[in-house]
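**Student:** Make a model of the complete structure from these sequences and hints.
Same order as they appear, the protein sequences are chains Y and B. Counting in our numbering, the first sequence runs from 1 upward without gaps. Counting in our numbering, the second sequence runs from 1001 upward without gaps.
It is possible that part of the hints are untrue.
Lysine-lysine pairs mimicking DSS-like chemistry, simulated, CA-CA at most 30 angstroms apart [stated by the list, open to error]:
{"#": "1", "chain 1": "Y", "residue 1": "433", "chain 2": "B", "residue 2": "1089"}
{"#": "2", "chain 1": "B", "residue 1": "1029", "chain 2": "Y", "residue 2": "124"}
{"#": "3", "chain 1": "B", "residue 1": "1038", "chain 2": "Y", "residue 2": "68"}
{"#": "4", "chain 1": "B", "residue 1": "1028", "chain 2": "Y", "residue 2": "124"}
{"#": "5", "chain 1": "Y", "residue 1": "68", "chain 2": "B", "residue 2": "1100"}
{"#": "6", "chain 1": "Y", "residue 1": "418", "chain 2": "Y", "residue 2": "455"}
{"#": "7", "chain 1": "B", "residue 1": "1038", "chain 2": "Y", "residue 2": "440"}
{"#": "8", "chain 1": "B", "residue 1": "1089", "chain 2": "Y", "residue 2": "68"}
{"#": "9", "chain 1": "Y", "residue 1": "241", "chain 2": "Y", "residue 2": "279"}
{"#": "10", "chain 1": "B", "residue 1": "1038", "chain 2": "Y", "residue 2": "13"}
{"#": "11", "chain 1": "Y", "residue 1": "475", "chain 2": "Y", "residue 2": "421"}
{"#": "12", "chain 1": "B", "residue 1": "1038", "chain 2": "Y", "residue 2": "421"}
{"#": "13", "chain 1": "Y", "residue 1": "260", "chain 2": "Y", "residue 2": "150"}
{"#": "14", "chain 1": "Y", "residue 1": "418", "chain 2": "Y", "residue 2": "464"}
{"#": "15", "chain 1": "Y", "residue 1": "138", "chain 2": "Y", "residue 2": "51"}
{"#": "16", "chain 1": "Y", "residue 1": "51", "chain 2": "B", "residue 2": "1038"}
{"#": "17", "chain 1": "Y", "residue 1": "314", "chain 2": "Y", "residue 2": "241"}
{"#": "18", "chain 1": "B", "residue 1": "1100", "chain 2": "B", "residue 2": "1029"}
{"#": "19", "chain 1": "Y", "residue 1": "124", "chain 2": "B", "residue 2": "1004"}
{"#": "20", "chain 1": "B", "residue 1": "1029", "chain 2": "Y", "residue 2": "13"}
{"#": "21", "chain 1": "Y", "residue 1": "99", "chain 2": "B", "residue 2": "1089"}
{"#": "22", "chain 1": "Y", "residue 1": "253", "chain 2": "Y", "residue 2": "279"}
{"#": "23", "chain 1": "Y", "residue 1": "68", "chain 2": "B", "residue 2": "1102"}
{"#": "24", "chain 1": "Y", "residue 1": "286", "chain 2": "Y", "residue 2": "253"}
{"#": "25", "chain 1": "B", "residue 1": "1089", "chain 2": "Y", "residue 2": "440"}
{"#": "26", "chain 1": "B", "residue 1": "1028", "chain 2": "Y", "residue 2": "13"}
{"#": "27", "chain 1": "Y", "residue 1": "124", "chain 2": "Y", "residue 2": "13"}
Sample of chain B residues lacking proximity to chain Y, with all beta carbon distances greater than 10 angstroms (derived) [claimed, not checked]:
{"#": "28", "residue": "1049"}
{"#": "29", "residue": "1087"}
{"#": "30", "residue": "1112"}
Just so you have them, the derived chain B footprint on chain Y, three or more residues with Cβ under 8 angstroms [unchecked claim]:
{"#": "31", "region": "113-121"}
{"#": "32", "region": "317-331"}
Hints in this document: simulated from the structure, not taken from any laboratory. Backbone N, C-alpha and C define an ideal beta-carbon position, used for all residues, glycine too.
Chain residues, written in single-letter form:
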Amino acid sequence: MSSTNYGGLNTEKILIVDDSEMNRFMLTDMLADDFEILQAENGAEAITMLKDYGTEISLVMLDMVMPKLDGFGVLEFMRANRIIETIPVIMISVENAPKYIERAYNMGVSEFIRRPFDAFTVRKRVDNTLKLYTKQKKLLSLISDQIYEKEKSNNMMISILSHIVEFRNGESGLHVMHIRVLTELLLNHIALKYDNINLSRTDIELISTCSALHDIGKIAVPDEILNKPGRLTPEEFEIMKTHSAAGDMMLSKLPFQEEKLVKLAREICRWHHERYDGKGYPDGLKGDEIPLSAQVVSIADVYDALTSERVYKKAFSHEKAVEMILNGECGTFNPMILECLTDIADSLPEQLRLNASMNLTPEKIMDVTEETFRDNDVSISEKAISAGMAKYRFLLDTSEEALFDYSDKPSILSVSDKAAKILSSDKTIPEPKSNADFLKIMSAEDMETLRGLVKITASDTNVKYTCVIHIDGEKKNCNIVCRPLRTSGEQAELTGIIGKFDVV
Amino acid sequence: MNLKDYYDKIGGDYDGVVSRLLSDERVKKYVIRFPEDKTFELLGASLGARDYAEAFRAAHTLKGLSLNLGFGALYSAVYEITEALRPQKEADGLDEMLAKVKEAYELTVSYIKDID
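**Tutor:** Right under this line is the structure:
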């Protein structure tokens, strides 16, 4: 692996992957005037470079037939990690059978250059591909900026509105913020936990935004009742209860009824005092007749009311509030949402404190933008890679420990610098179970046993495994501590293993 | 001898390579480096070790290189052995094919030092 740079400081990096030194030399010669060139001799090295440099690499020039891991193996890795959407690949090969070219394109290469390549074509294809990807990246960031601005002013308008209601109510604006954050946390957890419930990031954003409007109907409640210093009489309470239907009524007079935001806001206003057993108001809806949005906001509303001080009561502690909700002291709620509340209860106080001040972050906007793009079949995952890869790189680069991570599909073992040194192996080992070099270090039986153990282990639980390994022909005891990586959702599948080891 | 004479001597395609690589200088730069490339040695060694997967990769690489550099005679010889090795197992006539590659390779390399 090497790096050649005849260009300036901010030149784009191109990774040339080819087993022939002569080929790398020719391609480097054609491109080095304007790009910084990184070189890898085979697919495994290419993966190491992709992990090390991440999205700093602007383009990959990829040979097809190579030892250790071929070009298709690299493409498979790039696809599995969704790098192919951010880093374009130009494949170069002497293979000109349509089946190879078709396969390459199907696996996501941007261009296919047949040999003999010429200097002009190489240069033009590189320029065009980079231009296209740069344009796409620019567009994406432009759109996310616009969405961010738009959402920011939308949210601000909604906040202002709901604050007016709150102020009249003698409450601080914190209530609105808390409900928004609680609603979002609950919805996120529901989406994570229940695959059968279809909640997109956009839905969650919308419902959370609308949650701020849940009490706007209170502007129709007279001051003396709204701000009465003490408990309400039954008659007064009946008037107070009209606020939910009143909120819905007010919104029903708006012209844009087809908007999802208005629909959600109306549901939430009208039904956030309904209860799962039908004992709520104003309509006495039961079970899932109550829209999920309103069900979630009602729990958030109750939680925040309990933990806030009122003229007629002191604030309950977080623990007490959760306990009261779970015990049904504030009415009956959907058991599914209660389960989610239990799951996230421990982290709630901290999350509320952290999130109340910054509930619309650029990261969130990026998520929504990405989702929008994905739905339109233009998937972009720059953020996902850059964050994930950067963290991973940092760990591998700085750790003094022997770390490894193994992905199942494609089957690739990656180890930290330290680990590679201990094992005197490469940093990237494709197909470890059939890799002759790696089999000299660890037996296939041990690999299989370890994988089997990890497979049946719960997430967040460590597996400890000791086995004999061979380093430069010498027997050593190796202590491995690792845990499973899984897909999210109910039928979570093992996707890999992450861990560390030491050798004694 | 000049670059065109060299290509004529080794049964190569001078016009093709110059049109692809755009200048005599660039072609020369690449050709002069060609003897340093170890792919040919790798082909011989891996065939000797009966490692047919490695031999296929080496042949394949050499085929691409010779095609790109316009080494016509070498390309024809390597093309034959690459296809024979594609199944990545022993095949009839590999020794003869390797001999042909060797002959073409040596011819190609032997005149490089005479290019001015």
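**Student:** For every hint, state whether the structure bears it out.
**Tutor:** Checked hints:
{"no.": "1", "hint": "433(Y) / 1089(B)", "verdict": "holds (22 angstroms)"}
{"no.": "2", "hint": "1029(B) / 124(Y)", "verdict": "holds (22 angstroms)"}
{"no.": "3", "hint": "1038(B) / 68(Y)", "verdict": "holds (18 angstroms)"}
{"no.": "4", "hint": "1028(B) / 124(Y)", "verdict": "holds (23 angstroms)"}
{"no.": "5", "hint": "68(Y) / 1100(B)", "verdict": "holds (28 angstroms)"}
{"no.": "6", "hint": "418(Y) / 455(Y)", "verdict": "holds (26 angstroms)"}
{"no.": "7", "hint": "1038(B) / 440(Y)", "verdict": "holds (27 angstroms)"}
{"no.": "8", "hint": "1089(B) / 68(Y)", "verdict": "holds (18 angstroms)"}
{"no.": "9", "hint": "241(Y) / 279(Y)", "verdict": "holds (13 angstroms)"}
{"no.": "10", "hint": "1038(B) / 13(Y)", "verdict": "holds (27 angstroms)"}
{"no.": "11", "hint": "475(Y) / 421(Y)", "verdict": "holds (16 angstroms)"}
{"no.": "12", "hint": "1038(B) / 421(Y)", "verdict": "holds (28 angstroms)"}
{"no.": "13", "hint": "260(Y) / 150(Y)", "verdict": "holds (16 angstroms)"}
{"no.": "14", "hint": "418(Y) / 464(Y)", "verdict": "holds (20 angstroms)"}
{"no.": "15", "hint": "138(Y) / 51(Y)", "verdict": "holds (23 angstroms)"}
{"no.": "16", "hint": "51(Y) / 1038(B)", "verdict": "holds (29 angstroms)"}
{"no.": "17", "hint": "314(Y) / 241(Y)", "verdict": "holds (22 angstroms)"}
{"no.": "18", "hint": "1100(B) / 1029(B)", "verdict": "holds (26 angstroms)"}
{"no.": "19", "hint": "124(Y) / 1004(B)", "verdict": "holds (27 angstroms)"}
{"no.": "20", "hint": "1029(B) / 13(Y)", "verdict": "holds (24 angstroms)"}
{"no.": "21", "hint": "99(Y) / 1089(B)", "verdict": "holds (22 angstroms)"}
{"no.": "22", "hint": "253(Y) / 279(Y)", "verdict": "holds (28 angstroms)"}
{"no.": "23", "hint": "68(Y) / 1102(B)", "verdict": "holds (26 angstroms)"}
{"no.": "24", "hint": "286(Y) / 253(Y)", "verdict": "holds (26 angstroms)"}
{"no.": "25", "hint": "1089(B) / 440(Y)", "verdict": "holds (24 angstroms)"}
{"no.": "26", "hint": "1028(B) / 13(Y)", "verdict": "holds (27 angstroms)"}
{"no.": "27", "hint": "124(Y) / 13(Y)", "verdict": "holds (16 angstroms)"}
{"no.": "28", "hint": "1049", "verdict": "holds (13 angstroms)"}
{"no.": "29", "hint": "1087", "verdict": "holds (14 angstroms)"}
{"no.": "30", "hint": "1112", "verdict": "holds (13 angstroms)"}
{"no.": "31", "hint": "113-121", "verdict": "holds (count 6)"}
{"no.": "32", "hint": "317-331", "verdict": "violated (count 0)"}
The earlier numbered hint that this structure contradicts is number 32, and it is the only one.
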